[in-house]
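K.L.:
The chain contents come next:
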Amino acid sequence: MGILTLTTDFGTEDGNVGVMKGVALGIAPALQIVDITHQVAPQNIRQAAFVLARQIFYFPGGSVHVVVVDPGVGTDRRPIAARVGGQLLVGPDNGVFTPLYQRAELHGWPLEIVDLTAGQQFWRNEISHVFHGRDVFAPVGAHLASGVGLHQVGVPVEDPVLIPWPEAARQGNQIWGEVTYIDHFGNLFTNMHAADLAGEEILAVKLAGVEIEGMVNAFGERGPGTLIALYSSTDELLIAEVNGSAAMKVGAKVGDQVLVNLRG
Amino acid sequence: MGILTLTTDFGTEDGNVGVMKGVALGIAPALQIVDITHQVAPQNIRQAAFVLARQIFYFPGGSVHVVVVDPGVGTDRRPIAARVGGQLLVGPDNGVFTPLYQRAELHGWPLEIVDLTAGQQFWRNEISHVFHGRDVFAPVGAHLASGVGLHQVGVPVEDPVLIPWPEAARQGNQIWGEVTYIDHFGNLFTNMHAADLAGEEILAVKLAGVEIEGMVNAFGERGPGTLIALYSSTDELLIAEVNGSAAMKVGAKVGDQVLVNLRG
Amino acid sequence: MGILTLTTDFGTEDGNVGVMKGVALGIAPALQIVDITHQVAPQNIRQAAFVLARQIFYFPGGSVHVVVVDPGVGTDRRPIAARVGGQLLVGPDNGVFTPLYQRAELHGWPLEIVDLTAGQQFWRNEISHVFHGRDVFAPVGAHLASGVGLHQVGVPVEDPVLIPWPEAARQGNQIWGEVTYIDHFGNLFTNMHAADLAGEEILAVKLAGVEIEGMVNAFGERGPGTLIALYSSTDELLIAEVNGSAAMKVGAKVGDQVLVNLRG
Numbered sequence: 001m002g003i004l005t006l007t008t009d010f011g012t013e014d015g016n017v018g019v020m021k022g023v024a025l026g027i028a029p030a031l032q033i034v035d036i037t038h039q040v041a042p043q044n045i046r047q048a049a050f051v052l053a054r055q056i057f058y059f060p061g062g063s064v065h066v067v068v069v070d071p072g073v074g075t076d077r078r079p080i081a082a083r084v085g086g087q088l089l090v091g092p093d094n095g096v097f098t099p100l101y102q103r104a105e106l107h108g109w110p111l112e113i114v115d116l117t118a119g120q121q122f123w124r125n126e127i128s129h130v131f132h133g134r135d136v137f138a139p140v141g142a143h144l145a146s147g148v149g150l151h152q153v154g155v156p157v158e159d160p161v162l163i164p165w166p167e168a169a170r171q172g173n174q175i176w177g178e179v180t181y182i183d184h185f186g187n188l189f190t191n192m193h194a195a196d197l198a199g200e201e202i203l204a205v206k207l208a209g210v211e212i213e214g215m216v217n218a219f220g221e222r223g224p225g226t227l228i229a230l231y232s233s234t235d236e237l238l239i240a241e242v243n244g245s246a247a248m249k250v251g252a253k254v255g256d257q258v259l260v261n262l263r264g
Numbered sequence: 001m002g003i004l005t006l007t008t009d010f011g012t013e014d015g016n017v018g019v020m021k022g023v024a025l026g027i028a029p030a031l032q033i034v035d036i037t038h039q040v041a042p043q044n045i046r047q048a049a050f051v052l053a054r055q056i057f058y059f060p061g062g063s064v065h066v067v068v069v070d071p072g073v074g075t076d077r078r079p080i081a082a083r084v085g086g087q088l089l090v091g092p093d094n095g096v097f098t099p100l101y102q103r104a105e106l107h108g109w110p111l112e113i114v115d116l117t118a119g120q121q122f123w124r125n126e127i128s129h130v131f132h133g134r135d136v137f138a139p140v141g142a143h144l145a146s147g148v149g150l151h152q153v154g155v156p157v158e159d160p161v162l163i164p165w166p167e168a169a170r171q172g173n174q175i176w177g178e179v180t181y182i183d184h185f186g187n188l189f190t191n192m193h194a195a196d197l198a199g200e201e202i203l204a205v206k207l208a209g210v211e212i213e214g215m216v217n218a219f220g221e222r223g224p225g226t227l228i229a230l231y232s233s234t235d236e237l238l239i240a241e242v243n244g245s246a247a248m249k250v251g252a253k254v255g256d257q258v259l260v261n262l263r264g
Numbered sequence: 001m002g003i004l005t006l007t008t009d010f011g012t013e014d015g016n017v018g019v020m021k022g023v024a025l026g027i028a029p030a031l032q033i034v035d036i037t038h039q040v041a042p043q044n045i046r047q048a049a050f051v052l053a054r055q056i057f058y059f060p061g062g063s064v065h066v067v068v069v070d071p072g073v074g075t076d077r078r079p080i081a082a083r084v085g086g087q088l089l090v091g092p093d094n095g096v097f098t099p100l101y102q103r104a105e106l107h108g109w110p111l112e113i114v115d116l117t118a119g120q121q122f123w124r125n126e127i128s129h130v131f132h133g134r135d136v137f138a139p140v141g142a143h144l145a146s147g148v149g150l151h152q153v154g155v156p157v158e159d160p161v162l163i164p165w166p167e168a169a170r171q172g173n174q175i176w177g178e179v180t181y182i183d184h185f186g187n188l189f190t191n192m193h194a195a196d197l198a199g200e201e202i203l204a205v206k207l208a209g210v211e212i213e214g215m216v217n218a219f220g221e222r223g224p225g226t227l228i229a230l231y232s233s234t235d236e237l238l239i240a241e242v243n244g245s246a247a248m249k250v251g252a253k254v255g256d257q258v259l260v261n262l263r264g
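Residue numbers (the working numbering), protein chains in the order written: chain A, 1 to 264; chain B, 1 to 264; chain C, 1 to 264.
Rather than coming from a laboratory, the hints here were simulated on the basis of the structure.
Remember, identical chains collapse to one label, so a pair may be satisfied in a single copy or spanning two.
Taking lysine to any residue pairs in the SDA-like style, the calculated list, with each CA pair at most 25 Å apart, reads:
id, residue 1, residue 2
1, K249, G11
2, K206, D196
3, K249, H129
4, K253, G225
5, K249, Q43
These numbers come from a predicted model, not from an experiment.
Chain A extracted, bound-state conformation:
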């Protein structure tokens, strides 16, 4: 059967997501196709990378995740596929898999990446210069989800493109990080993780001139309108407003600095 997920900056109005599914189903009629998101901001590779890295490890092993945020389509950027932690990835070699490569390194997982250029028998017959999602990535993904091996669809790559991926920095009892993502509710994600903060007591979280004391476990522990700090469902330190939008309340944006004070 197999699972294929899609992450793009296409929006959903033009039918370009649907057509990728049509092509994939022509190859693998029993596929389970799941949309991760099609609302990545146009050409925002970092945003796609963040969403993908948060979500894919909840899928069954062997799921194939096709990503099409691809401003370099039709140029000499490589089309690639990869295996990370039992999940398969397909997309452009533009850095969109950077945090997944880092996770492989962190966990000591094997990391296999292949250049799809060598496996054009798995592409559509006609290749548009502007839509490799339909003509390269969806068909290769469908083949992988059908059991074709990673090393059948391409040849090894040792030098994948990476994008900068800023980490939080500790100085004594302070951690300096930044806002990495703002979700549908206006919750602010940061690049500080529960694993890094294990055993520490957080006294305060500061950003945009606002200070939040301590942490809570759940939204419902404070009244509507209260700013809170808590861990997200994927263990990032999160700044939120109960039943509201922290992003609007504090006027924050991606890249804003966040400071955490720990008990000494």
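Position chains B and C against the provided structure of chain A, taking the given hints into account.
P.N.:
Chains B and C in isolation, oriented as in the chain A frame:
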């Protein structure tokens, strides 16, 4: 095979809908998953309840409907599942199923509700304080759609949480109701139903200082721009503008009063 | 198994798309259902026609494409189904299939159209005056996708409704066309096609007081912010801004005139 539907206030940009599907497919690989809506306004339990109650009885019996509009996630609000009229429901015990309980009572259907807390073997192993959709409701829904029994996943609940659900009131030849929902086209739904009005002749519908004479059957019976009253596809009295938005034309919002004059 | 696609102006917030899927799955439990788009502007038959005609031929033969942009629902407009180039279509007889009929004529494909009124045994039992998507088109589509024959669901139609579908016109070394569609990225589609321009050298493309010299193959050939002309993934002449929105940059809208100068 089984059908699982999803109704949330998550939007579709963050991948939180996709990850629920990934978790469900890990349990039930052949599921048919259908999105009802992910555009419920944040924390708007009433809106989710309205959409759900309108739509679920068109699904095949035994379909499982997972609802995640859940401001109380991580507090002591109960996670529940229920069976109403052959449809299965899974979500937080916060009143979101109120109109479905009422329907069961109206039709004399048996109503079974269970507290999922007793059935944690059907949850994910690790439970986030902030995302029970992924960790509790999607997995329980997938198990139910795979044939696990309602009374295997929890223990009976006799006192589900209810939210107020205003009914229209008749006084002589007048019925007072309200706008309950505004759809994508700007059509205004009311809490007056065809069944309640059977055998009556509607002379006029009034709201927001506007009066509409009589009823039509279909949009195309009047010219573009005309305000009309008709029955919705689910038999609510509807106020609409032909090829336009009644909500914008009359400046109406949910909760606005609607008055219907009947022939005496 | 079978593939059913959906193209509507319903948006995704009200559950009306989900309910069509529920009805279809009640008839054909193993269907693969694919959304083409639900963001057609309300009642915009031309926009739906454009998206549909661009996308459906990438689907496997025998796929069924249900279209519900249907301002005439509940009036005497006919419900129809058709077969064009191996793809099946279901929807209102309001001209939404016009460019597909033209393509059949262009390629000399047989064109079969049937009026569904004669096949009400394939509809839901109760038919709303306002939602034939749920009660007529989804069920008929599900039956067709399950192998019911086109001539079982209706009787032949010889006079389908057509809408005007403007073609580009050549005068010497100039081609006059227009903007036909604006996509998610703000790219401007025109009614000039690669096949019509084969063997020609395009010197310049002009619209809205802006002139673009020559053509490129891919976005990445020019720097961000540059206006370019290139062929779309479906071979229309496209005007785009690299990593930006041509629609916003030049203030263009559907129907604006486009002029192409060819080398003499």
